[in-house]
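> So you can see what is in the structure, the chains are spelled out below.
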Amino acid sequence: MGLTNHFPALILAILLGISFLSPILFRWVRKASAPALLLSLFLALVMAVYLLIQTTQVGEFSYYMGGWPPPWGIELKINLIRAYMLIVVLAVSLWIMVYALKDLEHELKTDVLGWYYTLYALVVASMAGMALTNDLFNLFVLMEICAISACAIISIKEDRACLEASFKYLILSAMGTGCFLLGVAMVYMVTGHMNYDLVNEYLPVAVEQYPNNMFAASALFIVAFGTKAALFPLHVWLPDAHASAPSPSSAMLSGLVIKIYAFGLFIVFYQIFPRSLLDSIPLNEIILWLSSMGIMFGSIFAMVQVDLKKMLAYSSIGQIGYVFLGIGLDDTIAMTGGFYHLLVHAIMKSMLFMCAGVIIYTTGIRQIKQLGGIGQVLPITMIAFTIGSASMIGIPGTGGLISKWYLALGALEIGRPIFVVIILASSLLNAIYYMPIIVNAFMQQEEFAYEVKAVPRQMLIPLIIGMIAIVFLGVFSRPVIVLLENGLQLFF
Amino acid sequence: MGTLENQIVRITSRLVAPFIQVYGIYVIIHGHLSPGGGFSGGAIFGASLVLVALSFNLEVGAKQISHDTASILESGGALGFVITGLVAIALGANFLANQSAGFPMGQTGQLFSAGAIFIITFFLGIKVASTIVTLFYNIIEGEDKSGDAH
Amino acid sequence: MLIKIAHNYYYMVAILLFIIGMHTMLTHSNLIKKVIAMNIMDTAVFLLFVAVGYTYGGAAPIVTAPANEVLYVNPLPGSLMLTGIVVAVSITAYALSLIVKIYRFYGTVDYDEICLIRSQE
Amino acid sequence: MDSVLFISYVPLYVVLVPIITSISLYFFPESQMLVRKAGCFFASLFSLGGVIWLMPYMLEGYVYCYLIEFMQFGLFFKVDIISWVFAFLITLVYFLSVIFSFSYMSFEHNLRRYYSFLIFTLGAILGVVFAGDYFSLFIFFEIMTFSSFVLVIHKQDREAMQAGSLYLYMAIIGGLALLFAILLLYGCTGHLDMVPALEVLGNQRFSILLLFMIGFGIKAGLIPLHIWLPLAHPVAPSPASALLSGIMIKAGAYGILRISLILFRPAGEGSTADWAFIFNSGYILMWIGIITMLAGALMALLQSNTKRILAYSSISQMGYIATGLGVAIFMGLEGAMGFTGSLYHIANHAIFKAGLFSMIGVVYMLTHELDMSRLGGMARKMPLVTLTFLIAALGIAGIPGFNGFASKTLIHDSLLIAHSDLGIYGIFVAERVFVIASALTICYFVKLFHGVFLGQVPEKLDHKYSLSLSANFVMVVFAALVLITGLFPNLLLELLFIPGAQILGFSDSSLQPLFGFGFFEWYPLRKMLVVILLALLIYMPASARGWFDWTPPPWLSIQKVVFKPLPQLILSFFFRGFNINDMAMGQFYEHTDNDNNKREDYLGELEIFPDSAHDEAGQSAYYTSGKGLNRDRQLKQHFRSFFWWDQDQWTIKNLNFDNLLLVFVLGVILFIVFSYGS
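Chains as they are written, first to last, in this note's numbering: chain W, 381 to 872; chain D, 3 to 152; chain A, 1341 to 1461; chain G, 20 to 697.
Derived from the structure by calculation, the hints contain no laboratory data.
A couple of the hints might just be wrong.
[Claimed, not checked] Below, simulated SDA-like cross-link-like pairs (lysine to any residue); rule was C-alpha separation at most 20 Å, straight line:
(1) W:K537 <-> A:L1436
(2) G:K400 <-> G:I418
(3) A:K1344 <-> W:L432
(4) W:K457 <-> D:A95
(5) A:K1344 <-> W:L460
(6) W:K457 <-> W:T490
(7) W:K537 <-> W:I745
(8) W:K489 <-> D:E143
(9) W:K537 <-> A:K1344
Take these sequences, add in the hints, and give me the full structure.
Structural data, given as structure tokens:
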């Protein structure tokens, strides 16, 4: 009893509170605003960890907003997978924020910093809410909040590329959420409920009575989440948005925001839809093939990029494909791999974007071909880049291998070795575009040709943490894997 | 520019604005009794402020409520919402709980009834009204700056 | 079939609106029109929702009415759509502010012209 | 043999000490060379000592070591006598190479990186041979690949970078093949232990075997996967070349050995294993070995670069090893002779090839010359080097009294026995080719020795040379090892190799002839005499007429014929597809930056590309796709007029296109869903 019971709501309250507080703080007590944001993110993280521990002890539990139980009130639900998502979101966003404090000074005007903190906290809050909520309409609202604030942390840097990219992102994600809302309307029409569990209870009957309705709804859900999460042919907004944004925003967007929608699709598929629906229509097949195409084409597109951040953005399209592959394979092992990749990719892609940010901060370079010899002048940054890329390729000792291993194993488990081939081929493609950068950065004979500023310690420490985290995930993956396996059992 | 149309607009809006504002406040504080509530009322109230600023000019509008005040109010309204929720926790109920947290319920149908709903609606009204004003200022000022940029 | 459609005319209207919105979105090059189209699409969904919640002959669900009234309109879709409208409004506002900034760079909000300007640079 | 299990953490320490030393040495400043040298020296000495310490346990059974929770599956070390032989060779050669590095590397740059990665690689290779399950093996195999890559490109010039990138891509392909094989294996058996499992593999045994063979074969340099080897080994610094050629490629052989002789074996008595499959795989491996042997020897004959001759010679010698293994496999339980022969040859090759690279390295260190045409007469200038080189060369040529003789005799005898047992004509042919290849080996070493050490001293190189003590020591030790093994061939055979064969379950009847094998009887000596005579017969006319200077036409090169066009084709296919994709889908991958908004975006992209393509394959793919560029442009125009839309507006920011795509995808998904649902 006591305060700990309210942690699910308190996490959201704290994040929303700090997001509204930070413009005021920034106006009056400028020095306190950044530490306050960090502190509240940290507090939220501590609560999330507590929730995780609590779930491992008592299992799934719910929190009713305002004390109203499900048919009337909003329900927050915590189980292992949700707690895992929550921790991933909060930990990675805290980590990115530490880096962002320095980088933003360089990339943004000072007077918008307070607003940046607001938007950042809003993105985090909406993602945490998406991980926690057990209500379709809440999911919709949170998706919209996330979309707006995610667009805003792109367009806050007021140059033309950012504005256009975020406009495009906004329109597409508005279309996506429009589709989602239509799908929700269709589900609501036949079930009369918004709560996941209740919908799940009534859907099997509803599917039999109104099959067409549910078919349309499932297609709409796929398109909605696919657009938001940059599933392959719907990824068109991503490269511009992620490449033009300020580096911390890119890290945030590529690392977390697209993942949470993959999680949303997972929830819709495995918590809301009844098994009979998934078995009767090939939803999983669609996801599988779209994600495989994404894995291959994302890598191929990344190969021909000349801009570093753009290359990383295209690589994200490939990597989100792995997460979707895990969801589509419909197998506990593969899904474990997918969720593990979600964490690993959140860390490694954020770290790579941070490295790109450091490079831009210190030298102003964005082109890949100019990076020759940069390893001599920015050793720690480039070592971080190396470890991140190694994890992308799946070299032993990094987290990337473990997730690929589980995905491939799951694909074999259900007898689809073709997806193993796709995973491995994409590893090779990843090697083809990451390796030359590393090799040129460290092994080029010529000296680095551009002026270099000193790297602030505040930017290096997050990179070092990221390196340690990736290697740690590659070496001691067991606890996370066990957690995921236990958590996923609820859904099968 | 004192053209006739301008005068008509100004006088009318000066006349109408207080009534709109009163109506907005009415909608806000009767949110738990009749259709409407924080969002609708706030939008009405904010529209009145925008109307004034549109029909006169920015300085007059700013005299009513300045950009800074609006943005502070905006944050304050939202914060108030969150704090109301937290008060419920402090009172020993769930987040945003109303009756179970011990907010006074009053007589059904009276103005002061429905406990926290009233407070929440009030804060929402502030938030929405000030947001509309802030948005308006943002867009208008952006336009102004663009004049310099060209 | 036709009778079924006629009975569910509000669904048809909603879908029609949705398609109109999408068509506008696809064919018009003016950015503001695109935002308007987005709103039309949203409105279509809102209408659908509200229509789902409506009961023939039902009254507004306000507690002050005498208790012998049996049929109530489901208030949930209505209140949810209110939230939906808020969201749509905020997206519209944000999109418009972006358009203002894009206008600042190009001096036009027409998409074709922006492309033309960009291709000539 | 009763095998006793020992649990000991010594294998772990032996692996970890070099790795930790290397990481900590990297953080020492560049100037503190003494600390660095001492660290490397003691780390390699520690490994050597640890491996020797393990020996008594080895002779009685296995040593186990298990690190649970590490890398998901736990790190599992299991050292049996085969692993021990490899580990001993590795640590011994490493120890000598590290000492040799002290003198060789003193004029090189970037020593911090070199020493760190040198000693890191030691830990990784030891991990490979100690690994007790396939996952641990894979992990260390990959680590070894990437750390040795740094050694390959140490010089950082253009040649080294090209060789390095080829090595890296081949190695990554190999690593992925391994990973795939291990995944399939795990899917079939549910565990990754190194135990016989042919029955459970079912239909997937062929793909598993193939993938394993690709993965290890790339490292082992078997034809046709050898193309990286002659490029990568010569460009590395000589101590590193010695390790690459002497040790690293053995890791591939080790893998093949573990796969074919343990995994693809029937489990236990009375199993219904498919012996035909085993026979076929062994027979094919033998032929790959024979071809590798012959082609490597031929290519070595045609080179003029000294280190390249040695690299091709390595390929050829790997052919011997593969042949021996192949015979051991297809002879089933009777193949002990082939197995011991190839294990023996692995040991011998490690010693003499590392020695030869060190000696050529000494020559290079003193003269800075690798090309034979510009060398000569070094016998007068460096008598000690000449002597040791001669001993090592006699070893590799298989002259009686030197170590190569013993192992080659065993492999040759195994071929003869196989022929007499099975009576397959192909084995007879293989045996003849074996003899020819052995003769060719003698030829190219005569050529090498003649070119470097005999003849006139070029004027440019005509001054006094002095050599540091450590380099002398290393060469003398290598030569001494060659001599000792060569003079007492039965010693190692009975101590190590026969117990090794016993572990693998070869039958006693096939093991029996190996005890007290008469190497110095007339029969094996006669065979050798034939080989030497044949060599003289080939060498005399060929060198007189200058056949060795013939440059093979490009269409003979596997690299030119197969390996370059393949990625080119694939890449250009993708780029072409990309191009059409681009036309049809509205250039959506294009840039939004101000400077990239040209109308012909794609062309601009391609023109930038050659600079960003860092390797030859990418560049040539660019040119291949560039050829089709005009046609593509016409196609593009055609596409543009095809749609009723004005395609000019379809640029990246074109929301119409994106929205249309969204609607299109929605429509397709709806269609699929409804067509399945109803």
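> Decide if the proposed pair is consistent with the structure: K537 of chain W and L1436 of chain A, CA atoms, cutoff 20 Å inclusive.
Between K537 of chain W and L1436 of chain A the Cα gap is close to 17 Å, so the pair holds against 20 Å.
> Measure nothing beyond the straight line between the CA atoms of K457 of chain W and T490 of chain W; if it is 20 Å or shorter, mark the hint as holding.
violated, 39 Å
> Tell me if the straight-line CA distance from K537 of chain W to I745 of chain W falls inside 20 Å.
Holds - the C-alpha atoms of I745 of chain W and K537 of chain W are around 18 Å apart, at most 20 Å.
> Given the hinted pair K537 of chain W and K1344 of chain A, is their alpha-carbon gap at most 20 Å?
At roughly 53 Å apart (the allowed maximum being 20 Å), K1344 of chain A and K537 of chain W break the hint.
> Does the alpha-carbon distance linking K400 of chain G and I418 of chain G stay inside the 20 Å limit?
Measuring from Cα to Cα gives roughly 26 Å; hence the hint is violated.
> Would you mind confirming whether the straight-line C-alpha gap from K1344 of chain A to L460 of chain W stays at or under 20 Å?
violated, 46 Å
> Would you mind confirming whether the straight-line C-alpha gap from K489 of chain W to E143 of chain D stays at or under 20 Å?
Roughly 17 Å separates the two Cα atoms, so the pair holds.
> Holds or violated: K1344 of chain A and L432 of chain W, Cα atoms, limit 20 Å.
violated, 51 Å
> Between K457 of chain W and A95 of chain D, is the straight-line Cα distance small enough, at 20 Å or below?
Distance ~17 Å between K457 of chain W and A95 of chain D Cα, so the pair holds.
Going down the numbered hints, you'll see the structure goes against 2, 3, 5, 6, 9, while the others check out.
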